[in-house]
Amino acid sequence: MKLFFTISLLVVFADGSKAQQLFIENFDSATLNELWQIIAGNWQRADVQDLKIAPAENGRQFVLRSDSAGLIRLFIDLPLNAKGKMLQLSFSYYTYAKGIAPQVETGFYKKQIKDGIRGKPARSALPVKGMWISHTRTFTVPADANQFRVIFSNPRSSPTGKVACFDVVSVSLLK
Numbered sequence: 181m182k183l184f185f186t187i188s189l190l191v192v193f194a195d196g197s198k199a200q201q202l203f204i205e206n207f208d209s210a211t212l213n214e215l216w217q218i219i220a221g222n223w224q225r226a227d228v229q230d231l232k233i234a235p236a237e238n239g240r241q242f243v244l245r246s247d248s249a250g251l252i253r254l255f256i257d258l259p260l261n262a263k264g265k266m267l268q269l270s271f272s273y274y275t276y277a278k279g280i281a282p283q284v285e286t287g288f289y290k291k292q293i294k295d296g297i298r299g300k301p302a303r304s305a306l307p308v309k310g311m312w313i314s315h316t317r318t319f320t321v322p323a324d325a326n327q328f329r330v331i332f333s334n335p336r337s338s339p340t341g342k343v344a345c346f347d348v349v350s351v352s353l354l355k
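Under my numbering, the first residue of the sequence shown is numbered 181, with each subsequent residue one higher.
There's no promise every hint is true.
To be verified - In silico BS3-like links for lysine-lysine, alpha-carbon gap of 30 Å or less:
1. Lys265 with Lys198
2. Lys291 with Lys263
3. Lys342 with Lys309
4. Lys263 with Lys355
Unchecked claim - Between beta-carbon pairs, the in silico distance windows are:
5. Ala234 with Ile204: 14 to 24 Å
6. Ala323 with Gln241: 35 to 45 Å
7. Ile218 with Ser304: 13 to 23 Å
8. Asn261 with Asp230: 17 to 27 Å
9. Pro335 with Lys265: 27 to 37 Å
10. Met311 with Gly264: 32 to 42 Å
11. Ala323 with Gln200: 17 to 27 Å
12. Lys355 with Asp227: 35 to 45 Å
For the record, the hints were derived by calculation from the structure and aren't laboratory data. Even glycine gets a Cβ: it sits at the ideal position worked out from N, Cα and C.
With the sequences and hints as input, model every part of the structure.
What follows is the structure in structure tokens.
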């Protein structure tokens, strides 16, 4: 699965005319990108060696995680030409074999109105597998959207501290 995700990314990004990168975060920097908004919990950059898990995507050492129940939000501004195009969200995540299922919520917004457009945001629990998993989802950008929102959440604290980790969060506009 990891090989499939890597090959998919290479195919999508090999030709610059196929995708416009709107956001990418691999957590290598010492601080979180300012676009991340911590809503609740202790979200931080963590070292996979300290967590005693396999290295992240492409051997990366740092990941995003919260050691408590919490939410972290990301708003991505959409370009004017995004209307009706396909938007792709992709990320990798790690769950412990008997860990808690993390959740992801997505939705389109108008910058001036923080109410979602086109109904309720899409919410889903991510499968718990005890390994790194690649997740990719594609959306059609509504005509009146100028922002895309992503929320990662740990629904509850883990007594063992074994909560999900996220890496290589990418949002691209497909051409």
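Hint check:
For the suggested pair Lys265 and Lys198, the alpha carbons sit about 12 Å apart, so the restraint of at most 30 Å is met. Restraint check for Lys291 and Lys263: the C-alpha separation of about 15 Å stays at or below 30 Å, so the hint holds. A C-alpha spacing of about 13 Å is found between Lys342 and Lys309, which places the hinted pair at or below 30 Å, so the restraint holds. Distance hint between Lys263 and Lys355 is fulfilled; the C-alpha atoms sit about 11 Å from each other, no more than 30 Å.
Between Ala234 and Ile204, the C-beta spacing of about 21 Å keeps the proposed range 14 to 24 Å intact. The hinted range of 35 to 45 Å is satisfied by Ala323 and Gln241, whose Cβ atoms lie roughly 41 Å apart. Roughly 21 Å separates the CB atoms of Ile218 and Ser304, a value that falls within the hinted 13 to 23 Å. Checked against the hint of 17 to 27 Å, the C-beta distance between Asn261 and Asp230 comes to roughly 43 Å, which is inconsistent with it.
The hinted window of 27 to 37 Å between Pro335 and Lys265 holds, with their beta carbons roughly 32 Å apart. Between Met311 and Gly264 the Cβ separation comes to about 37 Å, which falls inside the hinted range of 32 to 42 Å. Taken as a hint, the range 17 to 27 Å holds for the pair Ala323 and Gln200, whose Cβ atoms sit roughly 18 Å apart. Distance hint check: the CB atoms of Lys355 and Asp227 are about 36 Å apart, consistent with the given range 35 to 45 Å.
Figure legend: structure checked against the earlier numbered hints; the only hint not met is number 8.
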